[in-house]
Structure formats: structure tokens, C-alpha cells
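Asker: These protein sequence lines are chains G and L, in that order. Here numbering that gives the first Met the number 0 is used: the first residue of the first sequence is 0, the next is one more, and so on. Here numbering that gives the first Met the number 0 is used: the first residue of the second sequence is 0, the next is one more, and so on.
Because the hints were derived from the structure by calculation, they are not lab data. Remember, it's a predicted structure, so these values are computed and weren't measured experimentally. Any given hint could be a false lead.
Since the list gives no way to pick one copy over another, a pair counts as held whenever it fits inside one copy or between any two copies.
Within a straight-line C-alpha distance of at most 30 Å, the following computed DSSO-like cross-link-like pairs (lysine-lysine) qualify [what the hints assert, rightly or not]:
| no. | residue 1 | residue 2 |
| --- | --- | --- |
| 1 | K85 | K306 |
| 2 | K151 | K223 |
| 3 | K276 | K73 |
| 4 | K322 | K244 |
| 5 | K188 | K73 |
| 6 | K195 | K182 |
| 7 | K276 | K293 |
| 8 | K85 | K244 |
| 9 | K339 | K204 |
| 10 | K223 | K276 |
| 11 | K223 | K293 |
There are 2 protein chains.
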Amino acid sequence: MEIRTNYMDGNYAIYVDYGILEDQISQYTSQYTSVHFIVDQNVYTLYQDSTLSFVQNPIILEGGEASKSFDAFKRITETLLERGIKRNDLLIVIGGGAVGDAGGFAAATVLRGVDYIQVPTTLLAHDSSIGGKTAINSTFGKNLIGAFHRPKAVIYDLSFLETLPPHELLSGFGEVFKHALLKDEQTVKALMEATKNEISLDTLKPFIISGIETKMHYVTNDEKESGIRKFLNLGHTLGHAIEYKYKMPHGIAIVLGLYFMIYASNAEERQNIFDLKLFRHYFEQHGYPLDQLKTINETEMMTLMGKDKKNQSSGSIGFVLMKNFGQCYFTEIDNDLLEKYIKQLKESL
Amino acid sequence: MEIRTNYMDGNYAIYVDYGILEDQISQYTSQYTSVHFIVDQNVYTLYQDSTLSFVQNPIILEGGEASKSFDAFKRITETLLERGIKRNDLLIVIGGGAVGDAGGFAAATVLRGVDYIQVPTTLLAHDSSIGGKTAINSTFGKNLIGAFHRPKAVIYDLSFLETLPPHELLSGFGEVFKHALLKDEQTVKALMEATKNEISLDTLKPFIISGIETKMHYVTNDEKESGIRKFLNLGHTLGHAIEYKYKMPHGIAIVLGLYFMIYASNAEERQNIFDLKLFRHYFEQHGYPLDQLKTINETEMMTLMGKDKKNQSSGSIGFVLMKNFGQCYFTEIDNDLLEKYIKQLKESL
């Protein structure tokens, strides 16, 4: 399956399928004199003798947020320079979302930018690898230092997903679900039906592809996030705060954030557009810890949300809500009202 | 004097004159909710009670290359985030070329990019502040990590130049001279005539403006340096190597590089297009240490030049040479031949 971006220029292909990595990558590497690899440690340990046997002399990154520190950024860029990377070389970044973000930021900044290819290896990375956002973390929050830098291609070999631990699958599914909400009611219903018993890889492929297409729609129409790209932030405003506070996997925190978004969408419209009980049952059945929402501290959440880089004012916090499936809108919710919504949600659980 | 860039979009103004800073800046700051300042320590010490009395709570950077380390990058971005910088805030960067590069890279990357204004305070920075290149240094060379990020304006208040120490004036003049070479014979002759006795600020203003216009011509037609922007690298290939090796001020090393470029331009054409003696006399009269060229080690220079980020191949080194004043061309000089030219130049001195 090949999906192409639809920018004015600088378009690239996203390949999604099983067992495609080496073949697809060779079509690109043959165009470059030198190729450099950045690979997630866990992924390399699992696949160095099989899927990744063609990878030579990789820079190995500790997976997860550790790869997004200033120190890791320094180590990656200095190692690339020590190896004599040139402007017309290619960098291939293989790993989960964090390694993709960190490797992408290195590609964006070393020699003021070199070509790179994203090879996402987790379900969550079906989201982060699309859209050209790269970043490292600040002590004041995630992804606060970064750049927009489009890859030359994204090669998403679904075989990597087969070794994902259950909590990683659950986390990645949070973004799959978000993309269904962003699309339309039919997609949400089909996804919930396909996963009514369990979330299994076999059933997810069409929803992953649909999710990538949905994300691309928003990203190509608003690359620098001045308008509709904000809608991709659905569930993320409170989700990020919960993720930061409880060190919860990203997509799991996002599901909690989505649940609050559904609550707040109903509250803002003063009617039950969405059946909260249905979503609560569905999320809890799959193991998402909605009970955690009972224990959050409103004041603390407000402070954390106020620091989000997407937030541009004080006195209120920008939120993406839904009028219906696939119908998002951006609104500033007054601080007092937002705090009241959080309190009410806690009481409702 | 106001010069406007000529990009497809995202244009900005460059203001050049005496005593214009506060008035010009207020036209921009009034458009933003919050403004953050990054200021060169030396400049702030000299001007905090006068020209810069309007600057509030600046982040102070040690001037020079120290401001372009990874540690300084971390400190700048973390301080901006600690102060709650938002995407729609403005950053104003006041200082010499190094502070401009470092502050510009922070503006390019914090929150994936915020608006910024360059306020160059040295003669050298008339060059570096134009063109949207930002960078920090690697242990493997200068400016090896960076980004292209256009400012919203450049405000070049020439009053700052009055306190420049003589070696800073001499260094900055190297780039003024390069821009004259890039323009035409008439400009070179007029500049040499105007400075035949001494290099003084009073006579330089029209040449600074002409230099900015020349640079802008190359930059707006080739922002990402895939073609003619390379010509701005005139004198820089060997110049950077000398600068790195002898820790010489940038523009002084560039004059040495320009002298070699003139030599090599003659050699490649097998005729004396340029009167070497004339240039030697002129440069030495003003105190440029051309004798230093006698002591350089060919092999070492070759190694350093091979590491330049503009260099894309091995076996040869890319060079910008001139067929005549204002007529540059890019060529790959074979390593052996280049080494021979350096040897011959040393013997000629």
C-alpha cells in the first residue's frame, strides 16, 4: 500500500505493508553515496539478524524518551559529523516515536538539514512518523525544541508490530482511535466493531491506513499548525498533562484525554451528543485505566496544560472539541470553567 | 535606509542607519503580546544605560563562539521555556555574528520556531545577519548544526559600530571586501579608493548597504544553497580552515582566503587576471597578516577543508573562483592540484 502526500511540492511516499522494508529502502539508498542509520536499541536487538541484517554500523539509541534529551541530541549529531556525514547523504531512522522524533531532529539540523527516511516500528509511530514534526524534550515539557522537516519517505513495515508488548499496542491504538474520531461516525463504529472482543493486529491494518490518510489530510493542508492541524491535538491537551504527571505511555494517556474531550464536548453543547457510557465501557474493557481520572488534581492539570506549546494565552486554555464524529472545532475554554469540567468528570466516574 | 527581501513570500525589511534601533523595534514589538531578548554581554555592558535602556530582562550571552556551544543552546532554550515563551511571542537577538547565529537557532527550534528580529552590532554581522542561516558549533567544526529560519526584520543600527575595537573592524571589513568582489570591478575600485589610507566607518556606509544588497541577491535566489548562494563562500573554503587552525577572527581569515582565491583563480585560468601584488600591498597596508600563509601546512589545510559541510565529495574540494570581478564560478579542484596551489602560494610570498 502506497500513500502519497499532497503538498505543493516536496511530496513523499508512505509505504504500509508486511515485509517491505529492505526492498523499499534499497530504492532510496541506491540514489545516495552514503547512508547513515539511527536505530532503536530494542528494535536492533530483536531484528539485527533478520529484518535489519542489511543495516551497517548504526548509531544505536536507547528507546523511549531518553533518546530525546539534549545529551542524546549532542551525541547523535556529533557522531554523524565524526563519521563525516555530508549534505547529500541519507539518514535512515528506525524505531518508535521517540527515536523517530530525535533522529528526525538530528536530520533537520545536522549541516542545516539532510535527507532522511522514517522507519516506524511501533503502532504509536504510525502517527508520529507522519507530518514532518521532529523534536527533543525540555525539562519543561515534551517536544518543546524541534523543527518541521519532511522525510523523503516513510516505510512502515507492519512486521515490526508483531513483537510489540501489549501495553505498546494499547498505547498505539489510542492514536488509531483518535484518527477514527477525526474521520467520521462510520469509521468509529467499524473500528469498535472490529475490536469489540480484542485489539489484534490482524484487524487493524485498514484502520492504520485510514488513520494515516486522515492525519495526512490535516497535515498537508496546514503544515505549520496555524489552523486545522490543531485538530490532531484531539484528546492531547489533558492527555499530555496526564502523561507527564503519571509517566503513562502516550497513547494510553491520550485515551484518557479523549474520554475527557468527549465529556467536555457534551458539556459545551449542553446535550449528550456522545454516549459516554458506551465509550467508558469500551475503553475499560480493553484495559485503559479510566479510574486514574478520579485521582487527578485539577489545579495541577491546569498548570501543566497552560505550559503546552500550543497554548497561546493566559486566562483560558485552547481545546479541540467535537460537535459530531469527524466534526472538530477549536475553542478557548475559560480556566474556571475548565476546572469545573474536570471536577465534574471526576465525580461522574 | 530600508532594503526589502525579494522572496516568493515571507519577505522582511532590513533597516540600516544610525540611531534607529528603538524606534524601528517598537513598530514590531507593539504587534506581540510578549517579547524576549537575547543580548551579547559586551554589547549590554556598553549600552544598557543608553541605546539598550528599553531592553527588559534579557538573556545575556557571552559573546563570541562560546555562545554557540551545545551547552549555551540548552541554556538559551531552557531559559526561554522557563519564562513561558509562546509560539506567538517575539524574540529579539542583539549582538555580533555568534550571538545572532545562536539566538537565531534558538528562535528556529524553540517550540519548533518563533518569530525573531536580528539586531547585528558588529561590522561582520552585516553579513551573517542576512539570509536566515542560524547555527551552533560542533567539536568537528563551526556552524555544523543549524537551521534556515528567516527573521521578521533585521535592524542594523550603525551606532553600535562606533565602539568596535580595531581588530573587529578589520574582521568585518573582510566580508565588506568580499561583497565588493562579488558585485563588480567598479565597486572594488571605489572601495579600495575610499579606504586607501585607512578603513574608517564614515566611508563604509554605502559599501555596507551595497554589500547587503549583493548578499540578498544571492540569498533570495537560492535560499537553501543548492546553486549560486555558494558564491558567497568566496574565500571561505581555505579561510575557514585558517580561522579554525589559528583561532583568527573570521573576517581576517577570510581576507587570507580571498588572497588565495585570487591566486587560484589566476592559476586555473593560466593567466594573471588579477594583479596579486596590488591586493597584497593593499591587504598588508591595512594590517592583514598575509605572512601567516607562509606557515600553513598543506596537508592539514586539505584535511580541514575536506570536512567543510559544503564539501560533497572526496578526491576533490569544491571551490568558488572568479573569472573577473563579479563573475564567480564553482569548480571542484582535484586534491593534488589544490595542494600544489597552496605550496606555490607559500613560495610566492
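Asker: Next step is simple, just say for each hint if it's right about the structure.
Answerer: Hints, one by one, checked against the model:
Taking the shortest alpha-carbon separations for K85 and K306, only the inter-copy value of 9 Å comes in at or below 30 Å, while the best intra-copy value is 37 Å. In this assembly of identical chains, the alpha carbons of K151 and K223 lie at most 30 Å apart whether taken from the same copy (18 Å) or from different copies (17 Å). In this assembly of identical chains, K276 and K73 lie within 30 Å of each other by CA distance neither inside one copy nor across copies; the values are 48 Å within and 46 Å between. Taking the shortest Cα distances, K322 and K244 sit within 30 Å of each other inside one copy (29 Å), while across copies they are farther apart (64 Å).
In this assembly of identical chains, K188 and K73 lie within 30 Å of each other by CA distance neither inside one copy nor across copies; the values are 46 Å within and 46 Å between. In the homo-oligomer, the alpha carbons of K195 and K182 lie at most 30 Å apart inside one protomer (19 Å), although the nearest pairing across protomers, at 71 Å, exceeds that limit. Taking CA atoms no more than 30 Å apart as the test, K276 paired with K293 passes inside one copy only; the shortest distance there is 16 Å, against 83 Å between copies. Taking identical chains as interchangeable, the C-alpha atoms of K85 and K244 lie at most 30 Å apart only when they sit on different chains, with a minimum of 21 Å there against 41 Å within one chain.
Taking the shortest Cα distances, K339 and K204 never come within 30 Å of each other, neither inside one copy (39 Å) nor across copies (62 Å). In this homomeric assembly, K223 and K276 never come within 30 Å of each other (Cα to Cα): the closest approach is 36 Å inside a single copy and 54 Å across copies. Taking the shortest Cα distances, K223 and K293 never come within 30 Å of each other, neither inside one copy (35 Å) nor across copies (52 Å).
Going down the numbered hints, you'll see the structure goes against 3, 5, 9, 10, 11, while the others check out.
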